[in-house]
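Visitor: In case you want the letters, here they are:
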Amino acid sequence: MASSAIASSSSPFINKVQKDVGLSTFSSQPSFSLHTAKKRNSRKITCVMAPQQTERKPATSGSVKTAMTMTEKILARASEKPMLSPGENVWVNVDVLMTHDVCGPGTFGIFKKEFGQNAKVWDREKIVIIPDHYIFTTDDRANRNVDICRDFSMEQNIKYFYDIKDLGNFKVELLVFLDELVANPDYKGVCHVALAQEGHCRPGEVLLGTDSHTCTAGAFGQFATGIGNTDAGFVLGAGKLLLKVPPTLRFVMDGEMPDYLLAKDLILQIIGEISVSGATYKAMEFVGSTVESLTMEERMTLCNMVVEAGGKNGVVPADSTTYKYLEDKTSTPYEAVFSDDQARFLSQYRFDVSKLEPLVAKPHSPDNRALARECKDVKIDRVYIGSCTGGKTEDFLAAAKVFLASGRKVKVPTFLVPATQKVWMDVYSLPVPGSGGKTCSQIFEEAGCDTPASPSCGACLGGPKDTYARLNEPQAILTPTDIASIPVKVCVSTTNRNFPGRMGHKEGQIYLASPYTAAASALTGFVTDPREFLR
Amino acid sequence: MAASSSIRTYIPTPPFLSPRTPQSSLSSSLKLTSPHFSPSSKPLLLSSPLSSPLPLRAAATSTPSPNTPTTTFHGLCYVVGDNIDTDQIIPAEYLTLVPSNPDEYKKLGSYALIGLPAAEYPTRFIAPDETTSKYSILIAGDNFGCGSSREHAPVALGAAGVTAVVAESYARIFFRNSVATGEVYPLESEVRVCEACRTGDVVTIELGLGRLINHTTGKDYGLKPIGDAGPVIEAGGIFAYARKAGMIPSLAA
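In the order they appear, the protein sequences are chains A and B. Going by the numbering used here, 444 is the number at position 461 of the first sequence; the sequence numbering is gapless. Going by the numbering used here, 115 is the number at position 45 of the second sequence; the sequence numbering is gapless.
Here chain A stands alone, though its shape is the one from the complex (with noise of 0.2 Å):
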């Protein structure tokens, strides 16, 4: 009989979607609808709605009974089980493991002591390694644990690892061979923005990763999240780990997204809403008209602090955007889920998007929300715009936008780090909108921006002393090259946390605000609200 479409990965259903035959066995199913993406030349892409569990009858279906979230759904599926409950712990099979050069080291070595000096990895296939915390950096140690990363994807025959060989002057190869990227060709950046551009973001999967920002990826309709070392060792062997199923909490985003607001807007609101702990152990589903308008990006803005509010995962149903974007980046065929009508949330919000104003998380805690304007009078030494939050391609054409339309200059150092190399590479190439012709590289550059610097996660979190843009300590001698390192107190940062220390100086004052309110507020040195550039 058949299963759920959610019941197995290896139930025959899915199989047969998989090969695009037998699809008529389940279009007598009225409980089944069955789409692909909207361009048919992806034949590939199959996607396959959820059953509405109200129309099932038990008795047929023999499984599934209860209605679930999305996020239930997945670690179902994904756990062989027919139906899970919140709470319950259960072994998930990983569909992606990711791991980068901080956390990669140590959990080979737990991989390795504990299933042997000669153990094999449980899918060669399944594991992404992306080296991108510490990269153009002097320090011994962090140049050793890239090589660390290397020999052990070499060792296992890692499909999918995206190696920098020249740390030295990725930036001057870049630009003397800009159609060519000789110096490193396979490297890519900040991991979770390069998951994404890659094609290793499926709707309905399971990822799991070494960075606690891994919850970025349930922009597309998938269950992933941060985890330890010693778990990624147990996956790396075992390609399961027990997961507690996690309650979900419902954001309801409605309304017209005001031409000022970025999503960056929404999760401050979010998480000054229910603070940094108010969404631990849980999941955050979004959900509504705003939400839907969203282009993938900003829905990785959305899902990428959910951890800032404590949440184990972020997830939005995939749609023709969701599709639209995987297109050309993936040949895997997944089916996406979601929630069932019936399904049962621990508590539902409610936004209306069209009433919100640009925000901004003051120090030093995420959910210490204020409005931008209210903080008109805080005097800024820096911004920076970069990392996995704030560093993607729309997030710097934001940032020009604003640049473009006041025709001024920053009034503080401003820093830029593209994400990845696909970021980099749009910075310098993409047009930007109303510009005439013009890059965000050729607008920052008249803005008096620094220069674009290599991808990487930089100074988000501080990193090795000699991190481009980290906030350090005073320096006793200042040469030109040491412009980054001027010591400073108030930077404004897409970035995503502001803990103390987090970039660096422990006495740093970081506000977290989104590219358009940071680009404003280079532009006069004191936190600025972005409609007074904008309008």
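In case anyone wonders, no lab produced these hints; they're calculated from the structure. For each residue, glycine too, the CB sits at the ideal point set by N, CA and C. Any given hint could turn out to be false.
[As the list claims (entries may be wrong)] Here are some, though not all, of the chain A residues that point toward chain B, as calculated from beta-carbon distances under 7 Å:
1. Ile93
2. Ala125
3. Asn212
4. Gly446
Got chain A sorted already, so can you dock chain B onto it with the hints?
Guide: For chain B alone, coordinates are given in the frame of chain A:
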């Protein structure tokens, strides 16, 4: 029975007042079994995770059986507030240290809690010129260990000599990493003890009874049951739990 006696750590006299050294391990060093990782400097008293009933199970029940061994942590406590994130526990510049490398494990410990702002925490967790802490019990407020998923955080605390953390609540990943690594016991208090205890107070945790006793103030407080993490901790961490369940094969000798 040998297994129970091996996990009995109650020390009647207070040698815990002296700085922690490898030799003084009995004072306060009972750890979760950490099958994957046992740096030589940190003795693990629980040598047989699969056969020995760990006392945390007793902590998870309100009526410990008479046979339950008394598991006790003694020591000086260090008190922090709410929302201590992992950047404050171990700042990112030290994340180049690989926890599974024994030398770097120790080094990580020497930086534990170095990210706490000096103005709010004039008494440092690790004294200048020391590499471990004299405080073996950490007391915290709400949402301890929030932020980054770095496993370096519980590892640094464990390497510095912390045996248990008593917080009002934990961020999910820190709690999980504490259980998975066995570096520190992540215990939750029933009340807000971070405002009732002060750095330097002498405290005892009676796991079996679920109590935190502050000898300096003479007060004691209830601890919450460990909950779903109990079976995993009882087995000795995620690897031992999985082997017990037949999920992964036993490690070849």
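Visitor: Against this structure, judge whether each hint is valid.
Guide: Here is how each hint holds up against the structure:
1. Ile93: Holds, about 5 Å.
2. Ala125: For A/Ala125, the interface hint holds, since the closest Cβ of chain B sits about 5 Å away, which is under 7 Å.
3. Asn212: At about 4 Å, which falls below the 7 Å cut-off, the nearest Cβ of chain B leaves the hint on A/Asn212 intact, so it holds.
4. Gly446: holds, 5 Å
When each numbered hint is compared with the structure, no violation occurs for any of them.
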